[in-house]
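Q: Sequence:
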Amino acid sequence: MRNGAIIAVIALVLLAPAFPASENTQDVSVLITGFVPFDKWEVNPSQLIAEELNGEEIGNVHIIGMVLPVDFNESFEMVKKAMHTYEPSVVIALGLDGYSRFICIEKIGVNLKREEGWQLSRIEKDGPFLHFSTIPSGDIVHTLRNAGIPARQSFFAGIYACNFILYRLMDYIHEQHLNISAGFIHVPPLSSQTPYGMELRTMVEAVRIAITESMKH
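Numbering-wise, the working numbering comes out as the position in the sequence shown, counting from 1, plus 21.
Hints should not be assumed to be uniformly reliable.
Claimed, not checked - Quick list of in silico lysine to any residue cross-link-like pairs, SDA-like style, CA-CA up to 25 Å:
hint	residue 1	residue 2
1	LYS61	ARG135
2	LYS134	PRO90
3	LYS128	ILE144
4	LYS237	TYR193
5	LYS101	PHE153
6	LYS128	GLN197
7	LYS61	ARG122
8	LYS134	GLU196
9	LYS101	PRO157
10	LYS61	LYS101
11	LYS237	GLY169
12	LYS101	HIS198
13	LYS237	GLY76
14	LYS146	GLY76
15	LYS128	GLU95
As the list claims (entries may be wrong) - Label-pair ranges, simulated between beta-carbon atoms:
hint	residue 1	residue 2	range
16	GLY80	LEU141	29 to 35 Å
17	GLU220	HIS163	34 to 40 Å
18	TRP62	HIS163	28 to 34 Å
19	GLU220	LYS61	18 to 24 Å
20	LYS61	GLU95	31 to 37 Å
21	PHE153	SER110	15 to 21 Å
22	LEU151	ASN81	14 to 20 Å
23	GLU196	GLU95	15 to 21 Å
Just so you know, the hints here were simulated from the structure itself, not pulled from any lab data.
Source: prediction; values computed, not measured.
Heads up, the beta-carbon is just placed ideally off N, CA and C, and yes, glycines get one too.
Work out the full structure, taking the sequences as your base and the hints as a guide.
A: This is the structure we're talking about:
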């Protein structure tokens, strides 16, 4: 009887239809932020990139693009709310570096901010002095260069709104133990703004590459 049961089980296994291994097709989201124009820059390419990518799909990755004010607290509150709403796997904040010729993948957020009159204060009174981004900056730079896009790693994001967002973002993710990769990318001006600027389509493609590389990790 026991042998007969074993034979029946083996027969069922052998005769059962073979189904392909299921793939994880669950949609995931990526949050991309840019800033509104500031100072002498009447157009901020980081805003245009975020708007261009908003709603785009890369495979099963849905991109949410949003534009932030150049305001310390309001900008981060908007990012935090979006993180809770969309639960992104990756967050990449963008900003304009008016003097750069490169796509700059920032590695470090510093616990300093510039107040009016160039006075410096800490972003978080008791926070660590440095927070490190968790997107794969080296891989992103390598892939961008292979695509013919000028790119480099940067280890100083300034002490204004861009650095503020990077620091607060990484601090919040660390505090809340969130499984999110995050970082900051500085983009150059548009080619229509300065002789050393970059075409918008090139910058948009650079951010697509950054998203793709970040999703591999």
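Q: Hint compliance check: list the failing hint numbers for this structure, sorted ascending.
A: Violated: hints 10, 14, 16, 17, 20 and 22.
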